[in-house]
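72 is the number of the first residue of the sequence shown in my numbering; add one for each residue after it.
Simulated from the structure, these hints should not be mistaken for lab results. There may be inaccurate statements among the hints.
[Stated by the list, open to error] Computed Cβ-Cβ distance ranges for the label pairs, DEER-style:
#, residue 1, residue 2, range
1, G175, S356, 21 to 27 angstroms
2, A168, G105, 48 to 54 angstroms
3, G214, L342, 44 to 50 angstroms
4, A114, Q316, 53 to 59 angstroms
5, E399, Q165, 21 to 27 angstroms
6, E206, L352, 51 to 57 angstroms
7, P312, G379, 20 to 26 angstroms
8, A164, Q100, 41 to 47 angstroms
We put the beta carbon where it would ideally sit given N, CA and C, even for glycine.
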Amino acid sequence: MVFGFDRDFPPFSFERDGTPVGFDIDLFQACLEGRNVRLSFKAMSWEQIQLELSAGRIHATAGMAKTPKRELLYDFSHQPTARLEVRLYTRNAQRVAALEQLRGKAVSVERGTIYLRLLEDFGGLIVRSYPSPREALQAMARGEVDAFAGADKTASYLMRRLPLQGVSPVGMPLAVMPMHFAISKETRALKEMLDQGFRRILENGKYAELYRKWFIPDLAPGDISRLVEAARSALIYAYAPYSQQPRGAAAMGQSGTVYTAGSVEHAEPSLGAGATRVAVLKAISSGETDIKAVAEVDQNGHAVTPAGEVVDLLMEFGVETQAVTEPEKGRYTPRALMELMPYTRPRTPGREMPDIPWLERGEQQ
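Based on the provided sequences and hints, a complete structural model is requested.
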């Protein structure tokens, strides 16, 4: 089976010293592990991939949005592999509260991608295109533009490696798209193998392991300490006359800002709110739509694992958020949401798929 991959789409797929690497590469191999299949990988441009796949000269690829027209050309995996969000990023010093405030500003973007077209549709921006997302980000770092537009996971990956500090997303995504394995209709048996393999790695935890490896960086010890101390400081603001069990919480946005809150009880339980929920809502309402990490402590200052409803709230904003837990007194362990809810995947409900008819023409990154 020949897997065609985009050579310049980190961390989904790229080449490292001539070797294919990335989330999509690892995921494809994991889904077919144990099968009597010999795999090979072919680095290509996105345009080449679509042509070769429709002609049956390669057997599969990943990172493709499923549309009615594409379903005429390819088979698709039942489950999406991941979710791609197209975001606008600014330096924190020039951060704005809403996307509309960037109109009239210069924005860098990788040329020839869906992101460029989305910026044109948004309107009012001075768009400057660059050969790669790395170069587009560097243009923002040098002050040549006011903002950068691109895929959320690619942006996060590159910012950690440039390194580029003090940058965070602005407002809501321009688009949210579930991505799938796309499979040549000449090899229909491959779809069944991939779907079966996907179910297996969801159940045995391999999917969560790969997702964390490529998309969720480890929290710095300083960030962990900062969150726990902020949550403890928030205990004084808790209102818990009914349970007598106050909680304090802290939520860190991607900008690095920490938002704190105490639990709020009410005689009617449905009108109260847990500490982490209040902290997260404070962050979101302040423009932090990417939550890096949260911590909640009990009345004794011990970090507690967030409740299921809190995990569900955080899932709305992506599964990259980490929760600080304390399995042993004084030993803090950040846990990804998928580790707290093992069968969780990035949410990809149909309502999130934007109405972008020109996706049909192959402009998806």
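Tested hints:
1. As the Cβ distance of G175 to S356 is approximately 25 angstroms, the hint placing it in 21 to 27 angstroms holds.
2. One distance hint, 48 to 54 angstroms for the beta-carbon pair A168 and G105, holds here, with the actual separation near 51 angstroms.
3. At roughly 48 angstroms, the beta carbons of G214 and L342 sit within the given window of 44 to 50 angstroms.
4. A beta carbon spacing of about 56 angstroms between A114 and Q316 agrees with the range 53 to 59 angstroms that was offered as a hint.
5. Taking 21 to 27 angstroms as the suggested C-beta distance range, the pair E399 and Q165 does not conform, at roughly 43 angstroms.
6. Separated by about 37 angstroms at the C-beta atoms, E206 and L352 break the suggested range of 51 to 57 angstroms.
7. The hinted range of 20 to 26 angstroms is satisfied by P312 and G379, whose Cβ atoms lie roughly 25 angstroms apart.
8. Restraint check, A164 to Q100: a C-beta distance of roughly 42 angstroms satisfies the suggested window 41 to 47 angstroms.
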